[in-house]
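Those sequence lines, one after another, are chains F and V.
Heads up: the first sequence begins at 1 in the numbering used here, then just goes up one per residue.
Heads up: the second sequence begins at 235 in the numbering used here, then just goes up one per residue.
Bear in mind the hints are in silico, worked out from the structure with no lab data behind them.
Warning: the hint list may mix true and false statements.
Derived contacts from chain F toward chain V, CB cut-off under 10 Å, selection only [unchecked claim]:
no., residue
1, T47
2, D51
3, L56
4, D76
5, G88
6, F89
7, F94
8, L96
9, L97
10, L100
11, Y112
12, R113
13, R156
14, M180
Restraint ranges, calculated between C-beta atoms of paired labels, are given here [said to hold, decoys possible]:
no., chain 1, residue 1, chain 2, residue 2, range
15, F, D76, V, G508, 17 to 25 Å
16, F, G68, V, L247, 48 to 56 Å
17, F, Y13, V, G504, 54 to 62 Å
18, F, S61, V, A604, 51 to 59 Å
19, V, K246, F, S61, 46 to 54 Å
20, F, L19, V, T530, 56 to 64 Å
21, V, A604, F, G25, 53 to 61 Å
22, V, L247, F, Q15, 39 to 47 Å
23, F, R191, V, T530, 41 to 49 Å
24, F, D138, V, R631, 28 to 36 Å
Under 7 Å between C-beta atoms, here's a sample of chain V residues computed to sit facing chain F [stated by the list, open to error]:
no., residue
25, R240
26, E531
27, R534
28, G543
Predicted model only: the values in this text are computed from it and were never measured.
For each residue, glycine too, the CB sits at the ideal point set by N, CA and C.
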Amino acid sequence: MARIELVDLTKHYKQGRNLVRALDGVSLTIERGEFVSVVGRSGSGKTTLLDLLGLLLKPTSGRVIIDGVDTADLGDGDRAIMRGERIGFIFQEFNLLPTLNALENVMLPLRYRRHRDPEGKARALELLGAVDLLDRMDHKPSELSGGQAQRVAIARSMVNNPALVLGDEPTGEVDSETSMQLIDLMRKMNRERGVTFVIVTHDMEIAGRTDRMIRLRDGRVASDEPLGAQTAAV
Amino acid sequence: MLEILRNLTRRKLRTALTVLGITIGVLALTTMGSLAEKSNSLIDGGVHYFRDHVSVAAASNGGFGGILTIDKAKDVLKVDGVQAACADTGSNVKTDLDLSFNFGPGDQVIAEQPGCQQYSTFKFSYAGGHAIDDYGSGQLVLGSDIAREYKKKVGDSMELPQPPKKFNPDFVGHQFTIVGILEKTLTAPDSFAIVSFRDGQMLFGDSLPSALKGHVDATQLATGINVYGKPGVDLDTLANRINDQVAGVRAIPPSTLVKAFETASVVLTGITTGSALLALVIGGLSVINTMLMAVTERVREIGLKKAVGARTRHILVEFITEATIIGAIGGAIGLLVGWALTTVVNAGLTSNNQAELFLLTLRLVGLAVAFAVGLGALAGVIPALRAARLDPVTALRHQ
Ligand SMILES: Nc1ncnc2c1ncn2[C@@H]1O[C@H](COP(=O)(O)OP(=O)(O)OP(=O)(O)O)[C@@H](O)[C@H]1O
Ligand SMILES: [Mg+2]
Chain F
1 MARIELVDLT KHYKQGRNLV RALDGVSLTI ERGEFVSVVG RSGSGKTTLL
51 DLLGLLLKPT SGRVIIDGVD TADLGDGDRA IMRGERIGFI FQEFNLLPTL
101 NALENVMLPL RYRRHRDPEG KARALELLGA VDLLDRMDHK PSELSGGQAQ
151 RVAIARSMVN NPALVLGDEP TGEVDSETSM QLIDLMRKMN RERGVTFVIV
201 THDMEIAGRT DRMIRLRDGR VASDEPLGAQ TAAV
Chain V
235 MLEILRNLTR RKLRTALTVL GITIGVLALT TMGSLAEKSN SLIDGGVHYF
285 RDHVSVAAAS NGGFGGILTI DKAKDVLKVD GVQAACADTG SNVKTDLDLS
335 FNFGPGDQVI AEQPGCQQYS TFKFSYAGGH AIDDYGSGQL VLGSDIAREY
385 KKKVGDSMEL PQPPKKFNPD FVGHQFTIVG ILEKTLTAPD SFAIVSFRDG
435 QMLFGDSLPS ALKGHVDATQ LATGINVYGK PGVDLDTLAN RINDQVAGVR
485 AIPPSTLVKA FETASVVLTG ITTGSALLAL VIGGLSVINT MLMAVTERVR
535 EIGLKKAVGA RTRHILVEFI TEATIIGAIG GAIGLLVGWA LTTVVNAGLT
585 SNNQAELFLL TLRLVGLAVA FAVGLGALAG VIPALRAARL DPVTALRHQ
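Extracted from the complex, chain F is given alone in its bound form (with noise of 0.2 Å):
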């Protein structure tokens, strides 16, 4: 339920002689509760502006504010914090710790909480329940398909009641029909939950089920609308 501002936010990085621009200047607003998603050609930036929001980075210059929070001023721990308490992460691959069971990654998060949460294990069961994996809840992640993998990776970023769900590219990794699945239980979960999302997507089926596209150039923010019943079916 987030509100999430970016100003003037620019990435670079040194290559040598040459200088990446990976995000040169955007600014956006994100409303609580929306579901947003950034496409792109390879290379335009989509997972530089998803770890800025994420906090995993650090931008060149411009802010990130979240709530009202500039977390330009916070230090690494207090991020940590943040990205712990407030910010759920769906990855394209590698989301689940291979020596934990479903259950285990799922309650991750609550780990390393400033303050444990004595229903964290409920919710993580009933997040295991929604995914529709309470039956694998102790199967090891060599023992689940990727589009289980990625449900329990959905459940994961639910448990600590998130503001914010970023997933990068979190259907880049399995076939159409799954990716469809994994769509709408996130849509599911941002409409029951309220729980904002921004997720980053090469497939235009994908984005046509979200409520806004974001498309970026070189870095630099080309297009951003809002999606109708109609622009969704492009």
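Given the coordinates of chain F, work out where chain V with the ligands should sit on it, guided by the hints.
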């Protein structure tokens, strides 16, 4: 916690090798250490034993080569500052040449002139029975090691010296009745057989080469004289005075003996320290190696944990705990093997009528445990610092 155990079992071979490294380290520490502890305790006993009196022996150029007569004790008593001069005798319990590996001089039959015990600070306490009658004959008190070696208890009889394995026409044995057994002292008296002075003189006389035997009067014999100083008298000075004033004897200043013992002690402490260092190097390197490999292998896991909120100290604690557990497991196994080894060797030696070689003291066990756990933790720190400092994005995208 469970996750740590699973991490350890995931790489079974590597964990096993690391545990083995620490095990070897701790094994080296316990065996070498208990060897040193055993001899240190003997040395401590020696230092204690030698510090309270001046030992006087026959001068090496003296007529009978190593044999004194008791009237020398009277001469020594006349020297200024001497409180008491007690002749004693010492001879071997075994008549066969003893080639076994021993720290001490082997089992000794010891006797001192009556009325001298009061001057010594070295007091005996009895596990059973009582002291011999100083003026009597045929009574015997055994040290704890020697009692166990010959499986003797109070009331049993024992032949002294022990008959040789090969028949020897010159051999003369005497039957003694055991009236007391000493409490274990962990030092020299454990291998003492104590008889009255008269009996000691007789046994000493018997042990002399047959060429000498006919020429001496056994009742006048002594092996040495223990000289006790008057209160406040410096024993080293007293020793020099005895050497100046009494002919045919050699008084050894206690500090010389104490120093000799302490030198031996330093050498043995060196062995302990050396083995501890060896253990440190072997064990430490293998834990560092395991944990560094674990970091490289688990970079992405660390990245993921950081993404979901783990702070630097969480990662630090997880890695150090893992390393500490490795250390503790290795330490426990090493200690167990070391204990088994020293116990078995000791038992083997005892059943072969030899003195124990190892002494696994409580402080050594404590040292080994602290060492293994501390080493594990310490060796975990470096990789843990490296792991914890990783930037989440770099870690997460690590290939
Ligand atoms: N650590 C880095 N060092 C140097 N350049 C980088 C680094 N990370 C990203 N870049 C560059 O920044 C640009 C944007 O990268 P980014 O990963 O954000 O693209 P993307 O839109 O996610 O691409 P893709 O669709 O392939 O995932 C690229 O040109 C990339 O080469
Ligand atoms: Mg990307």
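Right, here's what the structure says about each hint:
1. At its closest, the beta carbon of F:T47 sits 9 Å from a beta carbon of chain V; the interface hint therefore holds under the 10 Å criterion.
2. Annotation: interface hint on F:D51 holds; nearest CB of chain V at approximately 6 Å, less than 10 Å.
3. The closest approach between the C-beta of F:L56 and any C-beta of chain V is roughly 5 Å, which is under the 10 Å cut-off, so the hint is satisfied.
4. Given the 10 Å rule on beta carbons, the hint for F:D76 holds: about 7 Å separates it from the nearest Cβ of chain V.
5. Residue-level restraint check for F:G88 holds (minimum Cβ-Cβ distance to chain V is 8 Å; threshold 10 Å).
6. The restraint placing F:F89 at the interface with chain V holds, with a minimum CB-CB distance near 5 Å, inside the 10 Å limit.
7. Annotation: interface hint on F:F94 holds; nearest CB of chain V at approximately 5 Å, less than 10 Å.
8. With a least beta-carbon distance of about 8 Å to chain V, the hint placing F:L96 at the interface is held under the 10 Å criterion.
9. A hinted interface residue such as F:L97 counts as satisfied when its beta carbon comes closer than 10 Å to some beta carbon of chain V; here the least separation is about 6 Å, so the hint holds.
10. Hint status for F:L100 relative to chain V: holds, with the closest Cβ pair at about 6 Å, below 10 Å.
11. A hinted interface residue such as F:Y112 counts as satisfied when its beta carbon comes closer than 10 Å to some beta carbon of chain V; here the least separation is about 4 Å, so the hint holds.
12. Hint on F:R113 holds. Least Cβ distance to chain V is approximately 7 Å, under the 10 Å limit.
13. Taking 10 Å as the C-beta contact cut-off toward chain V, the hint placing F:R156 at the interface holds, the least distance being around 7 Å.
14. For F:M180, the interface hint is violated, the least distance from its beta-carbon to any beta-carbon of chain V being 26 Å, above 10 Å.
15. Taken as a hint, the range 17 to 25 Å is violated for the pair F:D76 and V:G508, whose Cβ atoms sit roughly 44 Å apart.
16. A hinted range of 48 to 56 Å holds for the C-beta pair F:G68 and V:L247, which are about 53 Å apart.
17. For the pair F:Y13 and V:G504, the supplied restraint of 54 to 62 Å holds, since their beta-carbon distance comes to about 57 Å.
18. Between F:S61 and V:A604 the beta carbons are some 52 Å apart, a value that agrees with the proposed interval 51 to 59 Å.
19. For V:K246 and F:S61, the Cβ-Cβ distance of about 49 Å falls inside the hinted range of 46 to 54 Å, so the restraint holds.
20. A hinted range of 56 to 64 Å is violated for the C-beta pair F:L19 and V:T530, which are about 31 Å apart.
21. Against the hinted window of 53 to 61 Å, the Cβ-Cβ separation of V:A604 and F:G25 comes to about 59 Å, which satisfies the hint.
22. For the pair V:L247 and F:Q15, the supplied restraint of 39 to 47 Å holds, since their beta-carbon distance comes to about 40 Å.
23. At roughly 42 Å, the beta carbons of F:R191 and V:T530 sit within the given window of 41 to 49 Å.
24. Against the hinted window of 28 to 36 Å, the Cβ-Cβ separation of F:D138 and V:R631 comes to about 30 Å, which satisfies the hint.
25. Below 7 Å, beta-carbon pairs count as interface contacts, and V:R240 has one with chain F at about 4 Å; its hint therefore holds.
26. Here the hint on V:E531 is broken, as its CB sits about 10 Å from the closest CB of chain F, past 7 Å.
27. Interface hint at V:R534: satisfied, since its Cβ lies 5 Å from the closest Cβ of chain F, which is below the 7 Å cut-off.
28. Annotation: interface hint on V:G543 holds; nearest CB of chain F at approximately 2 Å, less than 7 Å.
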